[in-house]
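Residue numbers (the working numbering), protein chains in the order written: chain Y, 1 to 350; chain X, 1 to 303.
Honestly, the hints are just simulated from the structure, not real lab data. For clarity, every value in this text was computed on a predicted model and none was experimentally measured. Do not rely on the hints blindly, as some may be mistaken.
Stated by the list, open to error - Pulled from the structure, derived: some chain Y residues nowhere near chain X, Cβ distances all over 10 Å:
| no. | residue |
| --- | --- |
| 1 | VAL14 |
| 2 | ALA98 |
| 3 | PRO181 |
| 4 | ILE194 |
| 5 | ALA226 |
Unchecked claim - Which bits of chain X does chain Y cover? Going by a derived footprint, with three or more residues having C-beta under 8 Å, they are:
| no. | stretch |
| --- | --- |
| 6 | 13-24 |
| 7 | 84-93 |
| 8 | 156-168 |
| 9 | 171-181 |
We treat Cβ as the ideally placed atom computed from N, Cα and C, and that holds for glycine.
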Amino acid sequence: MAASRRSLEPVAVVGGVSVAALILLATLLALGGYDVPVALAALWRGSFGTSYAFFSATLVRATPLLLAGLAVALAFRAGVWNIGAEGQLLAGATAAIAVAALPLSGVLRLTLALLAAALAGGVWALPAALLRRRGVLEVISTIMLNFIALNVVGYLVRGPLQEPTHAYPQSVTIDAVARLPRVPGTRLHLGVLIALAAAIALGIVMRRSAWGFRVRALGANPQAAASAGMIDVPRVALQAFVVSGSLAGLAGGIEATGVTYALYEGLSPGYGYTAIAVALLARLDPLFVAPSALLFGALEAGATAMQRDAGVPAAFVTVVEGSLVLLVLLLPVVTRWQSERAHRARTGAS
Amino acid sequence: MSTDSEFLAAAVRTATPLLLAATGELVVERAGIIYVGIEGSILAGALAAAAGGLALGSGPAVVLALLAGAATAGLFALFVVRWRTEQIVTGTAITLVATGATAALYHVLFGPEGAGLRIPVVRPVVVPGLSAIPLIGNALFAQSLFTYAAVVGMLAVWWTLARTHLGLALRACGERPSAARAAGIATGRMRGAAALFAGALGGAAGAALVLVQSGTFAEGMSAGRGFIAIAIVALGRWRPGGVLIAALAFGAASALQYLFQARGWTLPYQAFLALPYVATLVALATTRARGAAPAALGQADSE
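Next up, chain Y with everything else stripped away, as it sits in the complex (with noise of 0.2 Å):
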């Protein structure tokens, strides 16, 4: 494939998947007997149509997302199937708002916070990755490390974190220094601009670094890189995935002191899930990362809007964004058939 049709390829996927998004949920919509256009509205209302619920509601839900979705990417390109982003970004945000309460100055207290919230991504991929090297099947542990952080978090909201009053299953609040600052007037805060850098950082080091290139190898064909003699795999691999659980450490962390302020057990709905979708749609590279996390952060976004706006259950836009990735992975397929009619068409065979 040409190098230039290879670097568009993911803006004409996101494009396209875009239109097929809006198409299949209005047909949905149309099936389930609701109001097509006031429904639409409302999603469009709700996602770019305002100022406020572009910088509120839309960025503000994209943010988590571009940086669990680029945790995604980076294992996926490696052939890590870490499943484990909702694990690995609760105990980011444990991790920084336990951090947080500590009695220090506010910057000092926050960029320690962060810091804590990708060392305990990491630390949480760290299981995985090392029984990876064992053979055990990362989905398999991920999955596991996803409900022991789960149910860990339910114990210390009721436990050792509970706020004073031990009313609610929550830990306190954190004090205002502590928190990003926002955007005045806006619910935006500097994460969005932390996981943007990330993802500018990452596609440069996926492109550029030597490491990015071991990475890529060792996703496109193991064995050859192994063979190849110049990639440690099980160390490159090992890389990666603690690297990937630290960016969706980050992730939690940021969303604990730019939007939650607080530990509780629903602090993620589902982002973690969500970011394998964000990563697939865009082709498992950094960069389009954004505009994918950007689309996804729109439509549950405005799906709120639309539940709350049109009474269209938010439910629609799930079914939207699991075809979505369907459809992606239906792309190479689709390649594949394009070339092996070209290989027919060149052979002379029917």
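Fit chain X to the supplied structure of chain Y, relying on the hints for placement.
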């Protein structure tokens, strides 16, 4: 009834849908496919059981649940077996679609916010005499038909996998598809059929949730049980007997909260809910566990 006896009965009752789903997952994983979407099959089965239970009664409801679960798995198999898409990602997407579709359909069928359906639940079948055994009588012999069916189903799966030609062929697909194909086994069909079977049992698990445990439907009511089924298969080391014991262990861990409430213990039970997952990780960490997993698990059957 004593608290301990009640706890054991609750443990077996909670374990029933887990055992059903895990039995299905065991079969499909032994055929070399990891079906993460079984969570979606459970939800589809739950909604079908709820709608069927209201309109037609509990018998047809179970049939509908089996079909809905299998249909969900059919979509998965179409992608994974026919188009050879990545199993884990496809399964995750199927779960996402099923979660949304069941919630949306529920709203369309039963109105906004669903107003709390009341579906007639099936009564436990009490075995005379045996149910009077102290401590374990109620746990083992006063359960719904789902529990008895789940145990019988697991025995049937054990027999089929271990003693029949079909079982051997299915296991060959999970260990070495290329060799299986050379021996004349239609590996794609075998894997597809195993996925449909897993989906049907996932649907049965959903029916058990609705018709035995809750008597209603709620969005996302499977609450991760499909993922738990995957854990149970791993903890049970991909063997029917092990899966049975692992399902009971997970059921017992969830039932602990009833015991805690009954005893008035204030310890947060979440710490105990995490135990079976930790145990699974530890079991996986031992080298023997890896030997138990099908060699070709998760790999596409490339021609």
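Hints, one by one, checked against the model:
| no. | hint | in the structure |
| --- | --- | --- |
| 1 | VAL14 | 17 Å, holds |
| 2 | ALA98 | 17 Å, holds |
| 3 | PRO181 | 34 Å, holds |
| 4 | ILE194 | 27 Å, holds |
| 5 | ALA226 | 17 Å, holds |
| 6 | 13-24 | violated (count 0) |
| 7 | 84-93 | holds (count 8) |
| 8 | 156-168 | violated (count 0) |
| 9 | 171-181 | violated (count 0) |
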